[in-house]
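Those protein sequence lines, which keep their order, are chains C and W.
Position 318 of the first sequence, counted from 1, bears residue number 317 in numbering that gives the first Met the number 0, the numbering being contiguous throughout.
Position 194 of the second sequence, counted from 1, bears residue number 193 in numbering that gives the first Met the number 0, the numbering being contiguous throughout.
I should point out that these hints are in silico values taken from the structure, not numbers from a laboratory.
Wrong hints could be hidden among the right ones.
Every beta carbon over 12 Å from chain W, so not counted as near; a handful from chain C, in silico [unchecked claim]:
| no. | residue |
| --- | --- |
| 1 | GLN39 |
| 2 | LEU73 |
| 3 | GLY109 |
| 4 | SER206 |
Partial list, computed: chain C residues near chain W (C-beta under 7 Å) [claimed, not checked]:
| no. | residue |
| --- | --- |
| 5 | HIS71 |
| 6 | ILE74 |
| 7 | ASP75 |
| 8 | TYR82 |
| 9 | ASN139 |
| 10 | LEU141 |
| 11 | ASP143 |
| 12 | SER146 |
Simulated pairs of lysine to aspartate or glutamate, DMTMM-like, Cα-Cα distance not exceeding 20 Å [said to hold, decoys possible]:
| no. | chain 1 | residue 1 | chain 2 | residue 2 |
| --- | --- | --- | --- | --- |
| 13 | C | LYS313 | C | ASP25 |
| 14 | C | LYS149 | W | ASP223 |
| 15 | C | LYS149 | W | GLU104 |
| 16 | C | LYS313 | C | ASP122 |
| 17 | C | LYS41 | C | ASP272 |
| 18 | C | LYS149 | W | ASP100 |
| 19 | C | LYS149 | W | GLU108 |
| 20 | C | LYS79 | W | GLU108 |
| 21 | W | LYS158 | W | ASP223 |
Ideal Cβ positions, reconstructed from N, Cα and C, are used throughout, including at glycine.
Given next are the chains, with one letter for each unit.
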Amino acid sequence: MSVTPYSSLPNHCFWRRAHRVDRLIDVDPVVRGLFKIAKQTKVATAGSCFAQHISNRLQQAGFNYFITEAGHPLIDSDVKRAYNYGVFSARFGNIYTAAQLRQLMDRAYGAFTPIEGAWEGEDGRFYDPFRPAIQPDGFNSLDDLESDRKQHFAAVRRLFEEAEVMVFTLGLTEAWRSRQDGAVFPLCPGVAAGTFSGERHEFVNYSVDEVVSDLSAFITATRLRNPSLKFMLTVSPVPLMATAVDSSVITSTAYSKAVLRVAAEQVSKSFEDVAYFPSYEVITGPAARGRYYAEDLREVRPAGVSHVMRLFMKHYVEAGTARREPERAREAQGADSSTAGDEFSDIAKDLAVVCEEEMLDR
Amino acid sequence: MLAIGHSHLQAWRRAAERLVRQGDDVPAITCVSLQEKADDPAAKSVSAVPSGDELAALIDAAMSGERPTVTFAPLLGNEYNAMVLARHPVPFDFILSERPDLIPEEGCELVPEGALIGTLRARISRSVVPIITALAEITQGPVFLVPPPPPVPDEEHIKAYPSKFGARLQRLGVSPVQLRVKMWLLNRRVLADIAREAKIELMPLPPEIFDSQGCLLKRYWNRDPTHGNVAYGEVLLMDAVRRVREMSRAGEMNNVRDTV
Chain C
0 MSVTPYSSLP NHCFWRRAHR VDRLIDVDPV VRGLFKIAKQ TKVATAGSCF AQHISNRLQQ
60 AGFNYFITEA GHPLIDSDVK RAYNYGVFSA RFGNIYTAAQ LRQLMDRAYG AFTPIEGAWE
120 GEDGRFYDPF RPAIQPDGFN SLDDLESDRK QHFAAVRRLF EEAEVMVFTL GLTEAWRSRQ
180 DGAVFPLCPG VAAGTFSGER HEFVNYSVDE VVSDLSAFIT ATRLRNPSLK FMLTVSPVPL
240 MATAVDSSVI TSTAYSKAVL RVAAEQVSKS FEDVAYFPSY EVITGPAARG RYYAEDLREV
300 RPAGVSHVMR LFMKHYVEAG TARREPERAR EAQGADSSTA GDEFSDIAKD LAVVCEEEML
360 DR
Chain W
0 MLAIGHSHLQ AWRRAAERLV RQGDDVPAIT CVSLQEKADD PAAKSVSAVP SGDELAALID
60 AAMSGERPTV TFAPLLGNEY NAMVLARHPV PFDFILSERP DLIPEEGCEL VPEGALIGTL
120 RARISRSVVP IITALAEITQ GPVFLVPPPP PVPDEEHIKA YPSKFGARLQ RLGVSPVQLR
180 VKMWLLNRRV LADIAREAKI ELMPLPPEIF DSQGCLLKRY WNRDPTHGNV AYGEVLLMDA
240 VRRVREMSRA GEMNNVRDTV
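Same shape as in the complex, but just chain W (with noise of 0.2 Å):
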């Protein structure tokens, strides 16, 4: 297994790297971060968005040669929280077509589902999908693009570990909850959008992180803003090794992409 992705990965490595501690039985696992990569100054051509021969020398280096069997693909992610997790300056929502029960804002500016959905795959599309497509032609096995966590819910644990988005959360606050998982939702869509023209599939999380409001539940909060902890890196890697062996048994595991 591999698995291949910016920040997001941090969750998959420490749960594998506890699993293993631990003693579990789990399938061996390579974690490659492009992030580490990107921000080290001994790789400086290596980009966070990887061409296709640097991703194969990233790959055949963290796997002594071997290519993956299957790859999960937790890759860049904060698009949307970009976009989202601060209280824009012209507060804004939007009525997304499968809630439409979560009534936007009032006194916000109204803005069409699909124009905010033409912005974020304009965006995801000049990060995510040169990585994905030289993923799919890399490997031999199956590709799962692996969605960013749901939001963190809690205002005060934002403001408490703001990460880089500090300055920015100080001087405008932070979005409604409700606006950032319409948004966390409209991203997931993309993504998926994204990863069917890419003939790969995007991996639906486990629904046991989700609180009721289809947020991060809170044993699942890193201190940051957006990320999961290593209890959320282990349930998406337990979920992860399900999916393989169940493959594996289904015979699926060399031929998953031709049929998605």
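Looking at chain C on its own, in the form it has when it is part of the complex (with noise of 0.2 Å):
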């Protein structure tokens, strides 16, 4: 047999080899991390709902999970959820796509002001609209809701200058956007508060170049005030809630998600200390059968979460940095999950994951 560029390659290149593990958990498509992680590193966290999953376990895991917006500490810790702070690294709430992202930063350097600054409500209180849900019920008023978006804009600014890997995690291709100058919103007006115009807003669904463009550009401006911040860029595994296109969700979702993993590819691909990290495949993969997903066919179950952190800790974690992430095989192969003591704890958080895509189907 002649010999080939296939004859010398390790089993993780070969499907049925990668396949040949005893546990589904075993399964890796990470193969080897791009940078470690020790006990200080500053991680942060921004995304979809998904990232808020890795927010949590690299909480309980013991890691320095960088938050500059913490809330006040005399506030309740329940309060303080339920107006989502520590739900990522600063308080902005979901960020669904890399064009958010890439705005979140030049409207923290004052380099972009959106012209739909406030949302009135019917009650007469005041919404974000770049982080609708924010609060329970609004603010007072304009001059409460830009009092509090100069503080949360100081503390994302200092999120970008002194993290030391920011973990992303992209969501969505599609959007809605002012027409008058582009400003992207995370849910469309009108869902979580605001009224949708057709003439001021309009629909966007992200190709490739556009998503590559925007990481690019935000990579590129937030290392030039922090160097050697590194990345990590996830997909979310979690479906779209709805379409805004007239086709089924499914091959909706099916196209935002390849868009988001060649963007991230290429982009990885292109800038130094920029890793792919695999919770994609992990979730969605043959492998697992369907089995990471729970009931509703789109939340993912703490088993898929803890694989993937599993994962995590092995590739980019430094040896006796971290505790190990409860192994959940049982309910990985479809046994009854009972839970107790730490796993309990992880479900009850895993479940209060707050995702604002959700009230698209209210």
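Put the two chains together into one complex, using the hints given.
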């Protein structure tokens, strides 16, 4: 038999061998980490609902989860959670698109001020168009909103300038933006707050080139201020709640995730210290046989999050840095899950994920 | 009349005693201190937040088996002071929706008003709500929840009479008076909501006790950082008596609960 380029490839390059494992949780599409995280490494997170799972687990695993907007210590922890403190590294709410991330950078540094800066509700309260669900009942006044925003942007700037690793989960390609100035909203106006207007708002479904452009611009701009910042890009395995395209949400989801996956790949290959982490493949790969999805075929089960974080610890964490993720082999194999101790606490936290996108289907 | 509560009840009790000694025409008022019962080693089973049965037993004992026709409840009242009397190591402020003219202090962490309301409410719910719920069931007539006095504005007075806040005040200093006023107003709003939910009323404090900043007038300061003195108690007591007499004349004594 002649020697080919395949002859000397390692087992993980072959489908059958990559799946020849004793347990589902041993399926490892990561292979190797691009860099290592130590206990004191300031790890920041941002992104879609799935990124909250990563935030929660990082905190639980004792990492230096970097939060620049934790909420005042006087406030009860339940209240803080309701006000979205600590859900991500700053109180920006879900960031679903690369465009939104780039826009956050621009706004935080004063390079862009959207025309639609506030929405007034019928209740006379004010809502932030770019964080429409950040507070349970909006803001008391315009002054209240703007004062909070000023404080928030200071926290965002500090996050970008001091974080050492930033984990960003790409969620969507579909978005709504202003026709006037291109400001992109996390949710369609009118869903959580505000009023939809066909004159002022337009739909966009970002292409690979656009996502690559926004991510690249963000990484470049951040590194001007924080040259050693490392990035980890992931693609959320959570399907779209709804599509604004007149086609099946199933095909729209496939398109979105494909675009984001390709964009993440291109960007990770274009920059130093930008890693792609395959949480998408872990959850959606054939080996999981759909078992990592909950009954609604959308939410990711704690077992799936555990598999993802187990690989994260294995490949990205310095040896001896953090406790191991609990192994949920029984739950992954479809057995009734009986939880106790840490696992119950993990599940409770996973279930508490704030998903603004779910408002689309209310 | 029944006045039942914790440390802020002292002003009522001393005022009632003084008025009786002076021969003033005031209705009979029974004062039951939950603070003393909680602190009394002989009454260990009574906590500062007594159960309904404990409360009923206390009232029965104090009123010889009779039930009050109207109740005033200056309950607890230091939840907001615990948050704001001493300057927090992480200075904070907020925009009070009802008084946006009270601008937050520069350099402080801005906290959403709603988050402070949520925190205050959680603390007050654990303590005040069980008591007023029980009182509403036990007593026959109207129940008025009495808010704590507004803040003492003078830092020097607070430092001179720090009471149990001494160590903290020495270490951290006193919070700015504007923040304390704002928190008192927020606390009062939370108490009003809680009273409404329990189908009782929040007693409005008489306007004459306030200074121009919304703080407690000097003549009503007690020798501690947070309580009103006997003169304060007299103003509140006479205001309470006036309310009772008005309700009596209007025939409202037995059915006020139904209308709130």
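Inset, instruction - Assess, step by step, whether the Cα of C:LYS149 is no farther than 20 Å from the Cα of W:GLU104, and give holds or violated. - result: With Cα atoms ~15 Å apart, C:LYS149 and W:GLU104 stay inside 20 Å; holds.
Inset, instruction - Examine each Cβ of chain W, and state whether all of them lie more than 12 Å from the Cβ of C:GLY109. - result: Given that every Cβ of chain W is farther than 12 Å from that of C:GLY109, nearest at about 19 Å, it holds.
Inset, instruction - Tell me if C:ASP143 is really an interface residue toward chain W, meaning its C-beta lies closer than 7 Å to one of theirs. - result: At 5 Å from the nearest chain W Cβ, C:ASP143 passes the 7 Å test, so the hint holds.
Legend entry - Consistency of the no-contact label for C:GLN39, given chain W and a CB cut of 12 Å: holds (22 Å)
Legend entry - Distance rule for C:LEU73, whose beta carbon must clear each one in chain W by more than 12 Å: violated (6 Å)
Legend entry - Proposed proximity, W:ASP100 with C:LYS149 (alpha carbon, max 20 Å): Holds. C:LYS149 to W:ASP100 sits at ~19 Å (cutoff 20 Å).
Inset, instruction - Could you check if C:ASP75 really has its C-beta closer than 7 Å to a C-beta on chain W? - result: Interface hint status for C:ASP75: holds (5 Å vs cutoff 7 Å).
Inset, instruction - Measure nothing beyond the straight line between the CA atoms of C:LYS313 and C:ASP122; if it is 20 Å or shorter, mark the hint as holding. - result: violated (50 Å)
Inset, instruction - Mind verifying the non-interface call on C:SER206? Its CB should be farther than 12 Å from each CB in chain W. - result: holds (38 Å)
Inset, instruction - Decide if the proposed pair is consistent with the structure: C:LYS149 and W:ASP223, CA atoms, cutoff 20 Å inclusive. - result: Outside the cut-off at roughly 39 Å; violated.
Legend entry - Agreement of W:LYS158 and W:ASP223 with the hint, judged by alpha carbon distance not exceeding 20 Å: holds (9 Å)
Legend entry - Hint status (Cβ of C:LEU141 to nearest Cβ of chain W, threshold 7 Å): violated (10 Å)
Hint check: violations occur at hints 2, 10, 14 and 16; the rest are consistent with the structure.
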